[in-house]
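Colleague: These are the residues of each chain, in order.
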Amino acid sequence: DAGITQSPRHKVTETGTPVTLRCHQTENHRYMYWYRQDPGHGLRLIHYSYGVKDTDKGEVSDGYSVSRSKTEDFLLTLESATSSQTSVYFCAISEDKNYGYTFGSGTRLTVV
Amino acid sequence: QQQVKQSPQSLIVQKGGISIINCAYENTAFDYFPWYQQFPGKGPALLIAIRPDVSEKKEGRFTISFNKSAKQFSLHIMDSQPGDSATYFCAASGGYQKVTFGIGTKLQVIP
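Chains as they are written, first to last, in my numbering: chain H, -16 to 95; chain G, 400 to 510.
Accuracy of the hints is not assured; some may be wrong.
Unchecked claim - Listed below are the simulated EDC-like cross-link pairs for lysine to aspartate or glutamate, each with C-alpha atoms no more than 16 Å apart in a straight line:
no. : chain 1 : residue 1 : chain 2 : residue 2
1   : G       : 497       : H       : 42
2   : G       : 467       : G       : 425
3   : G       : 441       : G       : 483
4   : G       : 467       : G       : 430
5   : G       : 497       : H       : 39
6   : H       : 53        : H       : 10
7   : H       : 80        : G       : 430
8   : G       : 505       : H       : 21
9   : G       : 497       : H       : 79
10  : G       : 470       : G       : 455
11  : G       : 441       : H       : 21
12  : G       : 414       : G       : 483
13  : G       : 497       : H       : 78
14  : H       : 36        : H       : 56
15  : H       : 36        : H       : 55
Simulated from the structure, these hints should not be mistaken for lab results.
Just chain G, same shape as in the assembly:
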């Protein structure tokens, strides 16, 4: 049972464009929604996270949008750069539920 569904699995964006990755969850007990960035050969690294008391969180070029009623959240990367090329994982946790990860999105930013 996939509790966090992530799409797309791969994404190609031109430099300077906006990259958008979407996730949907089922368990209403989830109350912590992080995003991780992983470069080849490295472990995932926490990028940005949100809790459901806010609908948006921005850190630099990275923004999480959260829609509690739709049980969806998304990562927006503004002004995408080749250095942003990586795999991105959404995740969710809350209550007694352990962290559940999405399947990952491989982002390629082309010059």
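Excised from the complex, chain H in its bound form:
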């Protein structure tokens, strides 16, 4: 998607290993979000950021941490991956919290 890139697109990792997913934007938007998407649960917010070094928890933040040291980058880290974290992860950006989101293409993470 134009202006927002997620990496990697696919990853398989073992239980207990750390994993970092990257979201990069070129839109200079203030807000960045990490969601996970699972069948039957829709999109659930993990963490979000409202500025450099300003982050807050979402509804499913346990087991995840984030960092935003630059406007354009928002990192999601699974400190010790578990099978329950197998999911598709989406990053999103927005100019303001009450405006439309632009989503990335997603990262499919499998924890074995």
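Knowing the structure of chain H, use the given hints to seat chain G on it.
Modeller: Frame of chain H, contents of chain G only:
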């Protein structure tokens, strides 16, 4: 607590028919109601959005109807086409409330 309830979860419509997806919300602080369209293997994409100062917004074949008193809003897809087959999410946000998504509706338009 599900702040935005979306129905149905799946929908099959014949080509040329009208697809209707409904959402209901609870929080009266919500003042922005977008709909997203997601194709398999892709991220959701903003389709159309409405704010509560109007009761309807139309963009091409897509229309949002908004009923503030009932706290409901719906997406209508006129002349549905096979290319409209996707998952649709409603959402709501406002004030200090972050965006809350509905659970999604998988639409299949059959020829």
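Colleague: Hint by hint, note whether the structure agrees.
Modeller: Right, here's what the structure says about each hint:
{"no.": "1", "hint": "G:497 to H:42", "in the structure": "holds (11 Å)"}
{"no.": "2", "hint": "G:467 to G:425", "in the structure": "holds (11 Å)"}
{"no.": "3", "hint": "G:441 to G:483", "in the structure": "holds (14 Å)"}
{"no.": "4", "hint": "G:467 to G:430", "in the structure": "holds (10 Å)"}
{"no.": "5", "hint": "G:497 to H:39", "in the structure": "holds (11 Å)"}
{"no.": "6", "hint": "H:53 to H:10", "in the structure": "holds (13 Å)"}
{"no.": "7", "hint": "H:80 to G:430", "in the structure": "holds (11 Å)"}
{"no.": "8", "hint": "G:505 to H:21", "in the structure": "holds (14 Å)"}
{"no.": "9", "hint": "G:497 to H:79", "in the structure": "holds (10 Å)"}
{"no.": "10", "hint": "G:470 to G:455", "in the structure": "holds (14 Å)"}
{"no.": "11", "hint": "G:441 to H:21", "in the structure": "holds (14 Å)"}
{"no.": "12", "hint": "G:414 to G:483", "in the structure": "holds (10 Å)"}
{"no.": "13", "hint": "G:497 to H:78", "in the structure": "holds (13 Å)"}
{"no.": "14", "hint": "H:36 to H:56", "in the structure": "holds (11 Å)"}
{"no.": "15", "hint": "H:36 to H:55", "in the structure": "holds (12 Å)"}
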